[in-house]
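K.L.:
So the protein sequences, as listed, match chains Z and V.
So the first sequence is residues 1 to 312, counted in our numbering.
So the second sequence is residues 1001 to 1312, counted in our numbering.
Be aware that one or more of the hints could be misleading.
Think about it this way: if two alpha-carbon atoms lie no more than 25 Å apart in a straight line, the pair counts; the simulated SDA-like pairs of lysine to any residue are [stated by the list, open to error]:
no.	chain 1	residue 1	chain 2	residue 2
1	V	Lys1282	Z	Val292
2	V	Lys1028	Z	Met23
3	Z	Lys13	V	Gly1108
4	Z	Lys13	V	Lys1028
5	Z	Lys201	V	Asp1174
6	Z	Lys13	V	Glu1142
7	Z	Lys269	Z	Arg153
8	V	Lys1201	Z	Pro101
9	V	Lys1201	Z	Gly108
10	V	Lys1013	Z	Leu133
11	V	Lys1146	Z	Tyr62
12	V	Lys1151	Z	Leu133
13	V	Lys1013	Z	Arg153
14	Z	Lys13	V	Asn1082
15	V	Lys1028	Z	Trp19
16	Z	Lys230	Z	Asp212
17	Z	Lys282	V	Gly1108
18	Z	Lys201	V	Tyr1107
19	V	Lys1146	Z	Leu133
Note that these hints are calculated values from the structure, not bench results.
For reference, the chains in residue letters:
Protein chains: 2
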Amino acid sequence: MEGPKEPKIITDKNEMREWSRSMRAQGKTIGLVPTMGFLHQGHLSLLEEAHKHTQVFVVSIYVNPGQFSPNEDLSTYPSDFNGDIKKLMSVPGGVDVVFHPHNLYDYGMGSVGNSEGGIERDGVVSCVEDGGLGHETWVRVERLEKGLCGKSRPIFFRGVATIVTKLFNIVEPDVAVFGKKDYQQWRIITRMVRDLDFSIKIIGSDIAREKDGLAMSSRNVHLSPDEREKALSINRSLSKAKAAAGMGQMNSRDLINTVIESVQEAGGKIDYAEIVDQESLKAVEKITSPVVFCIAAWFGKVRLIDNIEISG
Amino acid sequence: MEGPKEPKIITDKNEMREWSRSMRAQGKTIGLVPTMGFLHQGHLSLLEEAHKHTQVFVVSIYVNPGQFSPNEDLSTYPSDFNGDIKKLMSVPGGVDVVFHPHNLYDYGMGSVGNSEGGIERDGVVSCVEDGGLGHETWVRVERLEKGLCGKSRPIFFRGVATIVTKLFNIVEPDVAVFGKKDYQQWRIITRMVRDLDFSIKIIGSDIAREKDGLAMSSRNVHLSPDEREKALSINRSLSKAKAAAGMGQMNSRDLINTVIESVQEAGGKIDYAEIVDQESLKAVEKITSPVVFCIAAWFGKVRLIDNIEISG
């Protein structure tokens, strides 16, 4: 038996592209799983999904400043690069390349990190409206980015779509895998790929859950044992709503109210709870076509998101 | 001697990409010249420029609805496809492919052309904010798109950056050539390519001029003989301004005023006249580094643009 495969670590974007092109020249198809690191089993399940579709695999590990607002905690975002590599080596078949760039918004023009550039002091990328040579190009999926998580994080999906475009142009994958836990993100990337004619197949991978049903998330470690127990109300009430719909309860408002009550009774604070069309993410009043029930709720200081698809 | 080379005409975007990939697999580099058709000598000079850089050549002919406002005349934009092909065949070395898609915003989902889609009745693409499955992804170069032509045409460069992204993802060229007559467009595309990590070299090609100095434009045919004579004031006064700067006259305001007076005396109506940094397109008060003097002016019903680089 072969030992665990150690991935090649690439930090330079040109070297990354050259690697991909050399693989393509050998007739190999390339899979990409973009991450911000601090990997858990949910990320590894994306890689397992990727293994079904392509022959070689790239995992990117890059905390993208472009998707953080100045008031969000970019500087304290957790990381554990060595632990990530070990986890990736544990996946059957492993991963060929870990792409781990230092700064994808530094264009080598001395324009980053000063007042003329696109990066402010705290590392948050901003569009400088009135001067400078910093980063200023943004990809927006203008309708899908607005609802659900986009309401409380207005520049989040602009940052996500832009960094994914950059990663696509650097890695040039045939397939990219995104988790359906971030349902809106997955739909936004899928729409972006269609609208901008990227030749990349986007795979949505099912939510990985703990044994008790909690959706896996880097944030789960911040939950106290008590909060963690209470947070199970999210998945439990979503599952009940799906079962009720299966029994003919098709009124969205009633289903939503039941879920909100359950989560609030458990001590959660609702950010949003919506039943939306799976494709357009538009709210629906009655479930007559495939929908997804999306929820975001706070337990203590931790904001959790989850969702469940209902075929309608 | 070989006769003129007849280009292969491709209308399907997947066929276009397959052609490019087959060329790349043969080790050939690919040049792209994006146009909206109704070609003149200025376009052909872009192709001649492309011939210096790559081995095979694609000219796209596509009138992009995404860059027209509802009040602009998309429906009457001139076209002469057969004439264009003849002109392309006259260029030494010719062109390998003419990419001539029907509609790059139709994603085959029945979502275009109805109220739910991204295309309105008059064919203008709009971002539908509150519904539908139509096109909704836009690339914006947020600072560079604002000044000069962006002032009077606020969605123009959004449409340009988006269609060029689409064409890049379909044709996958190594080099793309843009005319420096559309100076702002060239700078925007160059910045976009940098910011989004496209692996494409952008070439700015010098302005092609008539013998009397008038910058070549599809719009020149709409000028009356009298207007055409008067329009020569644009290039003449720009050249004088450059000469004055070469003699030490470095105050932008003075140079601009002289040009405005000359063009107005000739009967032109100024849209804008600005001296800006060649890279950032920010207005400069004193010429101490490379600048470009950009002007847009109306002669009768025809809006002409022109510019001249001044090394500073």
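K.L.:
CA of Lys1028 of chain V to CA of Trp19 of chain Z, is that 25 Å or under?
P.N.:
holds (19 Å)
K.L.:
Given the hint that Lys1201 of chain V pairs with Pro101 of chain Z, test it: the Cα-Cα distance must not exceed 25 Å.
P.N.:
Roughly 22 Å separates the two Cα atoms, so the pair holds.
K.L.:
Can the restraint linking Lys13 of chain Z and Lys1028 of chain V be considered satisfied, given a maximum Cα separation of 25 Å?
P.N.:
holds (23 Å)
K.L.:
Given the proposed pairing of Lys1146 of chain V with Tyr62 of chain Z, does the C-alpha separation stay at or below 25 Å?
P.N.:
violated (31 Å)
K.L.:
Given the hinted pair Lys282 of chain Z and Gly1108 of chain V, is their Cα-Cα distance within 25 Å?
P.N.:
Distance of about 20 Å is within 25 Å: holds.
K.L.:
Holds or violated: are the alpha carbons of Lys13 of chain Z and Gly1108 of chain V at most 25 Å from each other?
P.N.:
With a Cα-Cα distance of about 34 Å, the restraint between Lys13 of chain Z and Gly1108 of chain V is violated, given a limit of 25 Å.
K.L.:
Given the hint that Lys1028 of chain V pairs with Met23 of chain Z, does the C-alpha gap stay at or below 25 Å?
P.N.:
holds (17 Å)
K.L.:
Taking only the CA atoms, is the gap from Lys1282 of chain V to Val292 of chain Z under or equal to 25 Å?
P.N.:
Roughly 47 Å separates the two Cα atoms, so the pair is violated.
K.L.:
Quick one, are Lys201 of chain Z and Tyr1107 of chain V close enough, alpha carbons at most 25 Å?
P.N.:
holds (15 Å)
K.L.:
Lys1013 of chain V and Leu133 of chain Z: Cα distance at most 25 Å?
P.N.:
violated (34 Å)
K.L.:
Need the status of pair Lys1146 of chain V, Leu133 of chain Z: alpha-carbon distance at most 25 Å?
P.N.:
The hint holds at about 15 Å.
K.L.:
Checking one constraint from the list: CA of Lys269 of chain Z to CA of Arg153 of chain Z, max 25 Å. Satisfied?
P.N.:
holds (17 Å)
Going through the hint list in order, the structure does not satisfy hints 1, 3, 10, 11, 13, 14.
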